[in-house]
Amino acid sequence: MKATRGISRRDFVVTTLAVGGGLALGFSFPKNDAERAALAVRLSGRPWESLAGKSDVEVGPWLMIAPDDTVTIRVGQSEMGQGVITSCAKMVAEELECDWSKVRAEYVSVNRHFRENKVYKRLVTTSSSSVRLGRPYLQQAGASARERLMAAAAQTWSVPRSELTVKDGVITHKLTGRTLRYGQVAEKAAAIKLPAEPKIKTPDQYTLLKKPTKLLDTPLKVDGSATYGIDVRVPGMLYAAVKASPVFKGKVKSYNADVAKNRPGVHSVVEFSGEEIETGVAVVADSYWHARTALDAMPIDWDEGTHGNDSSEEFFKSSRATLDEPGAKVVTRKGDPEAVLKNASQVVEAIYEVPYLDHTVMEPFNVPLEKIYFHNCFLGGGFGRRGNQDDVRQAVAIAKQLGGRPVKVIWSREETTRHGYYRPMRVSRFRAALGPDGMPAAWTTRVVGMDENYPGDEQVLRGLHKLPYFVPNQLFDYHLRKTHVPTGPWTSVGRSQNEFFLETFVDELAHAAGQDPYHYRRALLEANAEFPFAKAWIRVLGAVAEKSGWGQKLPAGTGMGIAIGDSRRLSRTEITICAVVATLSVSKKGEVRVERLDVAMDTGPFLVNPLAAERQVEMQVAMGLAAVLRQEITIEKGRVVQANFDTYPLLRATEIPDIKVHFVRATDDPIAGIGEEAIGWVAPAVCNAIFAAMGKRIRSLPLKRHDLSWHS
Amino acid sequence: MLSLRVNGKAYNVDVEPETPLLWAIRDTIGLTGTKFGCGMALCGACTVHLDGKPVRSCVTRISQAAGREITTIEGLSADAQHPAQIAWREGDVPECGYCQSGQIMAAAALLAKNPHPTDADIHREITNLCRCGTYLRIRQAIHRAAELMAKP
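Top to bottom, those sequences are chains L and X. Yeah, the first sequence ends on 712 if you go by the working numbering, and it's all consecutive. Yeah, the second sequence ends on 864 if you go by the working numbering, and it's all consecutive.
Since the hints were made in silico from the structure, they are not lab data. Do not take every clue at face value.
[Claimed, not checked] According to the in silico footprint, chain X covers these stretches of chain L (three or more CB under 8 angstroms from chain X): (1) 225-232; (2) 360-366.
[Unchecked claim] Quick partial rundown of chain L residues pointing at chain X, CB under 10 angstroms, derived from the structure: (3) M80; (4) K210; (5) K214; (6) L215; (7) D217; (8) G265; (9) Y288; (10) E530; (11) A612; (12) V621; (13) D646; (14) L651; (15) I659; (16) F663.
None of these values were measured; they are calculated from a predicted model. We put the CB at the ideal spot given by N, CA and C, even for glycine.
Kindly generate the complete structure, drawing on both the sequences and the hints.
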């Protein structure tokens, strides 16, 4: 491997002495092979650049092989922490039968993709789809290359392909004991055309996949070399700081550009507007700090338009009123729920509310723009926010006015928070009539979703459109509302609201029926003959109950809450069943401490990288928990109140619970994905645990709005 | 014109003395491993060392840093061999990775003054935010780094 970054012991000591504060003084780490391998560069810190050398040979568009057997695999999806570079490379390598320790990765060329009739199939990274949709064609790419390499070896030795075997990139002819390495036959393989494409492996044949694999991008993220969009620098680059209309859909009325222009380093002041971007003003300067301070110093008058008095409070109030109107669209009608409810002896009713939420990507929004050259960088988090591209449209609108100078537009944290595409707020009412056995005989669901901006109906339906629990009489209808607040996909897209409603309500029913919430759910699933996944759900539910120690006697103020779902969508058949148990305590003063979170998740027949999967679950717990505890985007006077991490706080290190991830095989088909299939059940599990701990039912989020103090 | 000493090297920076160290390091000197997260010392993504002590460079003026040894993630060690960096790699700590330079700098400073930090020490001393929730892995990596440092 040519790419190891060697350094002598002497260099090491000299450098550490020079930095003084560098703290590595006196430590010497002789490197063994494993350590050396860990330091090998497997991915460029500037991932739009290729690590491949001149003598690397391309064997199909997806990979290159070097004479020393190093394999460079191309990846079409963007890395934002989900481990996608490693997962995609693994799917190719599984079939290629190469030595994983010699695999490098790089991004595909976007230009080539379009030049060669979309040769890389799909370049978007969204909806937990990279494995689900990418696996067949990535495996095919690996298998195809392998067979070409094998054919090249067979030709070289004039033996039939069937007499050859391959392992770790070494082809063996067993009868004669001869071997050839991939690097030796790559050139020949590149010219070979296969008569037919080989079959790809089925999951039971996997060897590399299924195993936990260390992530190729990790080394770049511990020494500062991973280049994010915000880090891109090109010669002659200017920096822009931006302020868009604080009231969405407002306009710039006036501003005094001279105030900014008289400050050091300022190049120009420009307005921006256009399709699907908020209008606003940018100060362009020779550094971000010059741009930012000049922008802050420059007063701007805004025309607030017609939404200057809109507020979350008003949105909630009018939505609650809308709950009394029959739903504009009816999704499910079964039996006669109204009649059953009217005559029932026990009716449970609840209204639930969730606020707008922001994505709070750690890396503030930014666009480095240099003509139309596109740098595919690392992304400092995604969570559903990266696909809107309003930031790109805005940067283009600014750059057009700069006479061809490259510019990097950076949003402040405040701007990033106040100009998001928020998770829609939503209000719902659930009603159920319980029969003499405590089981629901009728159930109605009505949702009012502020979802009309994005993407409309499907978000409101997800998780609610087919009730997994047995209820003979059902009605589900909904209203869509539009506000001036931009909404968009937020990790799990629609379900994090709906699952909170649904799984809290089932919990309410269980308690109203005087039954254990776990066993109550089980019974409702067992009774639902129409639900094809009932058995698989019960398996996952059983796993989380067993692993979490469900049913144990807990002291006052401590409780466990359970929730389950499967991330069904209307538009596809794949699911990922996930069940969560939260164990928490509530102090008498009302402080919630989530001690432990057990997550049981169906793996289907395989996970492409169990390590990445586990980390994805941890991410969702942290994100879900912060949202439950205290996050909300509120609108007052038409604009977002929250601005920075003080008003929109992330989860802190002290608040992270002990997270136990339990992978269970409950279904036989590949799962839907893993990037957003756990988060929906964090909120209901936590709120159900609070009820178990101190008897208060939480029907609106976040928790900071509730007084949870209690007396014994 | 101020002179800043970053990772053992002197740089003349021609910006106003009240400029935050973060932007001098990133835009003027061109070391981009130190990240901008909030601009208000809330998240710690911009953590660097001043004479070995961790500071939030987004609220540290360059005038306060002149004449002192500034260390960024790029200069923490040669060849990324600081025990914290080794432990971070072993534990595959980063997800999106954006906050991790700051986390590692905070951890390295803690380990320098307290070679065997407890969980409570870590919680008290390291208040950096991580959006991806890698806190458990960070804590484990700090303990592992302490172990590596204790090795003869």
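Original post:
Which of the stated hints cannot be reconciled with the structure, identified by number in ascending sequence?
Top reply: Hints 4, 10, 16 are the ones this structure does not satisfy, whereas the remaining hints hold.
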